[in-house]
Structure formats: structure tokens, C-alpha cells
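2 protein chains.
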Amino acid sequence: MDIKAFQDYYPDDVAHCYGCGHLNDQGLQIKTFWDGDETLTRYTPEPHHTAVPGYVYGGLLASLVDCHSTGTAAAAKYREEKRSMDSLPALRFLTASLKVEYRKPTPLGVPLEIRGRIREVKGRKVVVDVELKAQDAVCVTGQVICIQVPEDFLK
Amino acid sequence: MDIKAFQDYYPDDVAHCYGCGHLNDQGLQIKTFWDGDETLTRYTPEPHHTAVPGYVYGGLLASLVDCHSTGTAAAAKYREEKRSMDSLPALRFLTASLKVEYRKPTPLGVPLEIRGRIREVKGRKVVVDVELKAQDAVCVTGQVICIQVPEDFLK
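Sequences listed follow chains A and B, in order. First residue of the first sequence: 5, per my numbering; consecutive thereafter. First residue of the second sequence: 5, per my numbering; consecutive thereafter.
Treat the hints with care, since some could be wrong.
No copy labels: a pair is met if it fits in one copy or bridges any two.
Claimed, not checked - Distance condition first, Cα-Cα at most 20 Å in a straight line; then the derived PhoX-like pairs of lysine-lysine: (1) Lys103 - Lys129; (2) Lys86 - Lys126; (3) Lys137 - Lys86; (4) Lys8 - Lys103; (5) Lys108 - Lys86; (6) Lys129 - Lys108; (7) Lys108 - Lys35; (8) Lys86 - Lys103; (9) Lys8 - Lys126; (10) Lys137 - Lys108; (11) Lys8 - Lys35.
No lab work stands behind these hints, which were simulated from the structure alone. Quick caveat: nothing in here was measured; it's all calculated off a predicted structure.
Could you build the full structure based on these sequences and the hints that come with them?
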């Protein structure tokens, strides 16, 4: 895997996302990497990320699925354009639609592994399928439709 | 509206949820009330709940939709059983499926209004439709399938 995460390439003016911005010091600061044709984020929730005692809060899991996917979408688009992630113009994606299925309670206190598979790259749209595991069990699955942010939106 | 929110009725042993538990002092502590046949949560995101500068983080919006809905599901079930929310046994719901559509960017720095409509109460399942507004504009819609937590799960 690369040493530098997708999120480390985000330009400073769009690196404040609570889930994945490296400049948000109160945020989750998730880090996503290529692992073959899949993308991988590892994240260990904090003790206060509780649903009911002993289990991870569903909103945090949705947040992980979300930011893992927007990062994956950007990486997929750079790859499609055969560009490195530090080339310009920078590509950022926002979430149009997020769907999360909670298949079993996710235990708190262990590292989580979030994997993305790119279902579709079509124009400004990228669709990502996500699987989240704890202790090798699939706890959550999701599908995220990401839309490339217009350049003028970010100015 | 009642003075006491749905979440204030949650028993202490299940009141640690990051989104809605009144005992999670690092959490969002959202408060939901009946407003006629709809349910209503008002929440103002913190400055660090950023997506791109000026807009609210999608994972936080998903979290608000989520906890608003599990609270709504509990209230709907109590109402169906013609019981007050402080009667026993306590009813709690977890999220089985969360779907969120981001219809327009949600501005940061203003109060958000989250409304729930109960689509279905059937056995242990409650389906809630959610609309989230900022400055009277619908920014997010969602649908959440909530499942009543088995009593032995909470012991």
C-alpha cells in the first residue's frame, strides 16, 4: 500500500471534513489506501462512540462508510484519468446518496476494516460498494453514490 | 410540545448513545419531541462539523437522521401500545437500515430542523421517513428501518 493516504492529497482548502480532513483536529481523520483494486480504511472507534454499551454507534459507522467512499471515488477517478493524486486540477467528491445496512452489532474496542469496491465510474458520478468488518465478521454493508464537486463550488 | 424529550425517557443503562444518549457527555445529545403526528428535532451543528468549508458534514447529517428515527420509532411504538414513555418495559430501537439522500448542501452555522413521519409500525419494526431543513429549504431526506431491541440484548 502507498504510504500516503488518499486524504493526504486533498488540497488544504478542502481538507476540513469532519470525517476525513487532515486539517480537522476534532474530526475522525480517516486514512484510505489502495489494496489492489479495492480500497481499505482501518479505524478504531473511540470509547465514546457508543450505541448501546459494548457496540459502535451507527452514525459513526455511516460516517466511515461515507468518507471512505468519497475518498475511494476520488482515487478511482484519478486512476481512470491515469493521473497521480497530486496532479491538478484536484478532484473531490461529495455524497449524493448513502445507504447503510446494519447486519450485526459492531463491537466497540476493536479495529474496524472498511473495504470499498468501485461499482461504477461514469462522468462525474462514482458508485462505491462498501463492506465493514470487525474481527473478520461483516457487520455493515453500504452503497454510496458520489458526485464530483464542481470546481467553482470550491472557490 | 412536551417538555421532556423522547431521549430523556431512555433508561440509564441504554442512554450512552453518541447521537442521543443523555449520559454521553461527548455526544450530540439530540432531543426529539412530538409535534402533532410528526416528530421534531432541532440541532445546530458545531463549527467543526464541516464537510467543505461553510457546509455541514454528511456523516453528521446521517447521524441526526439515524437517532431522530430510533427515537421516533420508540415513541411511535409507545403510542401504538397506548403507554407513556416512562412505563415499563422500556422500548428501545436500533437501526437496521439507513438511507440518506443529500439534495442540496446543508449550510453550517444555522439551526437544522429534522422532522419524522411514521410510515409503518409492524411488530418489532418501525419505518420512519425523515426530512431535514435548513433555513426552510429541504437539504436532506432519509428513510430508516428501525428494529426493536430484544430485551435480553440489553442485559
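Each hint tested on the structure:
1. Lys103 - Lys129: Both, since 16 Å and 18 Å are each at most 20 Å.
2. Lys86 - Lys126: within (15 Å within a copy, 51 Å between copies)
3. Lys137 - Lys86: This pair counts as neither: shortest intra-copy Cα distance 30 Å, inter-copy 40 Å.
4. Lys8 - Lys103: Neither way: Lys8 and Lys103 sit 28 Å apart in one copy and 31 Å across, limit 20 Å.
5. Lys108 - Lys86: Answer is neither: 38 Å inside a copy and 30 Å across each miss the 20 Å cutoff.
6. Lys129 - Lys108: between (30 Å within a copy, 16 Å between copies)
7. Lys108 - Lys35: neither (24 Å within a copy, 26 Å between copies)
8. Lys86 - Lys103: So Lys86 and Lys103 fail the 20 Å test inside a copy (29 Å) and across (33 Å) alike.
9. Lys8 - Lys126: Neither way: Lys8 and Lys126 sit 26 Å apart in one copy and 49 Å across, limit 20 Å.
10. Lys137 - Lys108: within (10 Å within a copy, 31 Å between copies)
11. Lys8 - Lys35: within (9 Å within a copy, 40 Å between copies)
Taken one by one, the earlier hints fail for this structure at numbers 3, 4, 5, 7, 8 and 9, listed in ascending order.
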